[in-house]
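Whole structure, please, built from the sequences with the hints as guidance.
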Amino acid sequence: MDVVNALAQGLLLGGLYALFACGLSVVFGVMRIVNLAHGDLAIVAAFCAFVTLSATSLPLWLVAVVTVPVFSVVGYLTQRLLLQRSLQSGPLATLLVTFGLSVVIQNLLLELFSADTRTLDAGSFATSALEVGDVSLSYVGITGLVLAVGSIVAIQLFLSRTSSGRIMRATSDDPQTAALVGADARRVYGIASAIAFATVAMAGIVMAIRSSFDPSLGPAQLLFAFEAVVIGGLGSLWGTLLGGLALGVVQSLVAVADPSSSVLAGHLLFLLVLAFRPQGLVPARAS
Amino acid sequence: MSAVLQVHDLDVHHGQLRAVSGLDLELDAGGKVAVIGANGAGKTTLLRCLAGALPASSGRVLLDGEDVTELPAHRRVRRGVALVPEGRRLFPSLTVEENLLTGRNAGRSGSWDLAAVYELFDWMPERRRQPSGSLSGGQQQAVAIGRALMTNPRVLMLDELSLGLAPVVVRRIYETLPRIVAEGCAVLLVEQDVSQAMAVADHVHCLLEGRTTLAGPPSQLDRAAVEAAYFGLAEA
Chain V
1 MDVVNALAQG LLLGGLYALF ACGLSVVFGV MRIVNLAHGD LAIVAAFCAF VTLSATSLPL
61 WLVAVVTVPV FSVVGYLTQR LLLQRSLQSG PLATLLVTFG LSVVIQNLLL ELFSADTRTL
121 DAGSFATSAL EVGDVSLSYV GITGLVLAVG SIVAIQLFLS RTSSGRIMRA TSDDPQTAAL
181 VGADARRVYG IASAIAFATV AMAGIVMAIR SSFDPSLGPA QLLFAFEAVV IGGLGSLWGT
241 LLGGLALGVV QSLVAVADPS SSVLAGHLLF LLVLAFRPQG LVPARAS
Chain X
1 MSAVLQVHDL DVHHGQLRAV SGLDLELDAG GKVAVIGANG AGKTTLLRCL AGALPASSGR
61 VLLDGEDVTE LPAHRRVRRG VALVPEGRRL FPSLTVEENL LTGRNAGRSG SWDLAAVYEL
121 FDWMPERRRQ PSGSLSGGQQ QAVAIGRALM TNPRVLMLDE LSLGLAPVVV RRIYETLPRI
181 VAEGCAVLLV EQDVSQAMAV ADHVHCLLEG RTTLAGPPSQ LDRAAVEAAY FGLAEA
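Going down the list, the protein sequences come from chains V and X.
Here the first sequence stands for residues 1 to 287, where the numbers follow the working numbering.
Here the second sequence stands for residues 1 to 236, where the numbers follow the working numbering.
Keep in mind the hints are simulated off the structure, nothing from the lab.
The model shown is predicted, which means the values in this text are computed figures rather than measured ones.
Note that beta-carbon positions come from the ideal geometry of N, C-alpha and C, so glycine has one too.
On the chain X side, residues computed to face chain V include the following (Cβ under 7 Å):
no., residue
1, His74
2, Val77
3, Arg78
4, Arg89
As structure tokens, this is what we get:
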């Protein structure tokens, strides 16, 4: 029974990892860059929700519903105004800019909010759970998993069914030729960033309800997200979902035997995949 | 006839190298101009510059009398300049039909839509759901042309259609040109196969090391002069 429970908890945790990772996966798929500030952005979203919640009497769900679209606008602007410039000078420049952004965000948050750990108070929602037999599934965990699956399905539908999604795939294949049919790469990259920021904001808020957070947590979130993307297979969103779930399940199962080795086990899974199946569990569309 | 595309004294650099220098060219509505020249003569550079994919170092490019020299590629195609790039460059992760539909992104209306392209290339509807990479070279070339036509261009530029294709396939593709021109767009094509170019175009432009060495209607150019201009032999 312990194992069944651990499996269930692992899937819920993995859902959250996948939610963290899908934005990273989209940005990598479209622009071939890794945003090293991705994890810190989640923490920023958590603090934004925290501040709004303390300053107003709005319910948490409403704060979350507002934060996410605001973040997607911030994502679009960050791409257009900050990252686009660095993209033109090559992938290393972008990596350095996002690394700098990560350092700035962490220190700014530390300056503003100190190193205290906080949590988003969601009242009874945070503590209640769905009982299935002996397994209890927390509503927060379920929300994370549902948001992850929902986001990935929505992004896939956007990419495959809409004309903006089509031009995004075309730009990912070959930006120069996409420009010849009228695609403005800067705009396409802006939209990809908007999607990434929206999903990472959701992940940050869910994480902040689920457990406590402080300004230094970003890099660890980035690491799990990055591992989920690589385990799943670079450039495949379904792979990212699977990668996140695999990471969560392995961490959770190992924790049954030895809680202190749980995070290490996740890293080992990542290393094993890199060593023996570098294309990931779900390789990107063969073309 | 009025000129759709006018090029005045155009210089284009490819890194340090001046790939096109002092080029003048005019293209009338419904006209078919072929640019010929040996490898490295600057033909592809010229087309890429006219499409906005490469910046001009100096000179002017006018479309319907308006200066478009500074417009980047994605805005120039919205004004009606389409390029079928060398090597076809289809989007590999898109199906045939999705490749065609990307042309709609230019936001131009006109007679070219999916139905019109499918009528021009009648084999295409059956394969529209296939990944573009699964097609033969000739079919891919047709899709690349269809994709450019979907932007409803005023000027259609074709870069080395015949590259890597069997002669019979090339002939079939060139047979569609009159129908494309009949829809009112002008064609500027780059071709290494001189006899093919002379047969198709109503005006030929020979480039050598980025400069025009010979220009005129094919009927008025004799074989020896073209050869001399093509290879840079002493003036005949």
